[in-house]
Amino acid sequence: MYCERDDAPLFAPLSFTVEAGALVQLEGANGIGKTSLLRCVGGLSSRFHGELLWCGEPLARRRTEFAAASLFLGHAAGLKAALSPRENLLWWASLRGLDVAAEADAALAKVGLAGYEYSPCYQLSAGQQRRAALARLFVAAAWLWILDEPFTAIDRQGVVELEAWLAAHADAGGAVLLTTHQPLSMARPLRKVTLQADVRDV
Amino acid sequence: MSERQLSAPAVMGRLIRRDVAIALRRRVELANPLLFFLMVCTLFPLGVGPEPAQLAVLAPGVLWVVALLACLLASDGLFRADFDDGSLEQMLVSPASMYLLALAKSAAHWLVTGLPLALLAPLLALLLQLPTHAVGALVMSLALGTAVLSLIGAIGAALTVGLRRGGLLLSLIVLPLYVPVLIFGASAVQAAAEGFDYSGQLAILGALLAIALPLTPLAVAASLRISTDN
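Protein chains in written order, with the numbering used here: chain A, 1 to 202; chain B, 1 to 230.
Think of the hints as simulated: they come from the structure by calculation, not from any bench.
Don't take each hint at face value.
[Stated by the list, open to error] So the derived list for chain B, only partly shown, Cβ under 8 Å to chain A, looks like this:
id : residue
1  : LEU6
2  : ILE22
3  : ARG26
4  : ARG27
5  : LEU30
6  : ASP85
7  : MET91
8  : VAL93
9  : SER94
10 : ALA96
11 : ARG164
12 : ASN230
Because the structure is a prediction, the values reported are computed rather than measured.
Cβ atoms here follow ideal geometry from the backbone N, Cα and C, with glycine treated the same way.
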């Protein structure tokens with residue numbers, strides 16, 4: 001996968017590639033445009049100049065294929081407070097055309113929500129809600145994980161686990177594109193892409 | 001993985017089920033348009049006087065206008081919650097067709113607002129002295145008409161979802177489009193009250209629904225992409 005981008009107002013032009021087995025961390029100061037970049041990659045924003053390529057072809061033309069192969073987790077987790085983590089997970093999977101009733105409990109247990117499968121999400125803590133969202137990683141076979149601040153509100157044990165999951169995903173031939181300010185200690189080499197303020201006059 | 005693939009109608013069904021489940025658990029939002037409908041219709045006899053003959057003349061128009069305003073009130077929240085908590089983002093990045101998801105959202109919205117309004121209407125018809133032989137026309141016209149209103153309201157809701165105070169703008173966008181539905185809906189009830197045949201008006205409401213059903217999701221899907229593109 002090749003991805004090139006040139007967004008003048010936010011950050012200086014940059015170009016990077018995310019290939020199989022890569023763990024790419026976007027770095028940069030607050031407000032530099034990390035989330036904006038992820039939204040562009042995820043297809044939520046079209047406010048950029050430059051090219052986004054997927055398998056050598058323009059991303060916009062292969063949107064559905066890309067959507068099926070990628071998993072986007074933004075700042076807002078997309079959890080319904082009135083529904084339980086299990087219901088949220090099943091509905092989310094149904095958007096991808098998957099019925100994961102059989103796997104949902106295992107996925108929720110893996111993220112440490114065993115015993116909370118049926119509690120409404122508004123009763124869960126911020127960290128537990130984030131974990132409920134992360135359970136998606138284990139029910140859909142997505143090749144590219146696009147994670148915006150996945151470590152927010154996660155406890156220390158959870159951070160270690162999540163790091164291990166990311167590394168395992170990369171080991172299995174997947175790719176991860178994430179933003180975080182958390183210093184990561186990965187078993188796999190982590191590639192950092194640093195976003196810098198654009199100093200040109202625009 | 002032993003995942004089972006879902007067909008497109010099943011994906012829509014899950015979305016409708018989810019929205020209905022949320023509405024049933026948060027009953028306040030479900031009850032709001034109904035309470036509005038109930039309150040305004042209760043106020044009318046107090047305002048215009050309790051003479052049955054006078055009320056009976058006003059009843060078809062009043063019931064329809066108030067139901068329409070209740071629908072307008074409810075359509076503001078159609079995509080708001082999904083926008084705020086990120087569910088909308090997840091729908092947009094998912095491989096599911098946004099056209100079908102928009103259709104499912106509108107359908108779920110009708111199930112929790114339009115349909116209850118239509119079912120509550122006979123009670124209020126009694127209150128407003130609508131002749132009993134017109135109640136059938138009222139329920140049928142409201143059931144058909146509110147479905148069109150939900151579909152049209154979804155366009156306005158999708159266009160204004162990114163704005164904090166989109167309520168007034170939403171009204172400006174959708175009210176002109178609501179007018180034909182109001183005219184034929186109220187006229188069906190009027191005709192029934194006067195003992196005429198009202199199947200023509202119902203047929204036109206059905207035709208409006210048949211046009212809105214395939215076309216509005218196109219506008220909604222495009223509007224949602226524009227509203228979230230920032």
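Results of checking the hints against the structure:
1. With a cut of 8 Å, the hint placing LEU6 (chain B) at the interface with chain A holds, because the nearest CB-to-CB distance is about 5 Å.
2. Hint on ILE22 (chain B) holds. Least Cβ distance to chain A is approximately 5 Å, under the 8 Å limit.
3. For the restraint placing ARG26 (chain B) at the interface with chain A, the shortest Cβ-Cβ distance is roughly 6 Å, inside the 8 Å limit, so the hint holds.
4. Evaluation of the ARG27 (chain B) hint against chain A yields a violated restraint, the C-beta minimum of about 11 Å exceeding 8 Å.
5. Because the smallest distance between the Cβ of LEU30 (chain B) and any Cβ of chain A comes to about 12 Å, over 8 Å, the interface hint for this residue is violated.
6. Interface restraint check: ASP85 (chain B) against chain A, minimum CB-CB distance 6 Å, threshold 8 Å, status holds.
7. Interface hint status for MET91 (chain B): upheld, as the beta-carbon distance to the closest one in chain A is roughly 6 Å, under 8 Å.
8. Interface hint at VAL93 (chain B): satisfied, since its Cβ lies 4 Å from the closest Cβ of chain A, which is below the 8 Å cut-off.
9. Checking SER94 (chain B) against chain A: minimum C-beta separation of about 4 Å stays under 8 Å; hint holds.
10. Below 8 Å, beta-carbon pairs count as interface contacts, and ALA96 (chain B) has one with chain A at about 5 Å; its hint therefore holds.
11. Taking 8 Å as the C-beta cut-off, the interface hint given for ARG164 (chain B) is violated, the closest approach to chain A being about 16 Å.
12. Below 8 Å, beta-carbon pairs count as interface contacts, and ASN230 (chain B) has one with chain A at about 6 Å; its hint therefore holds.
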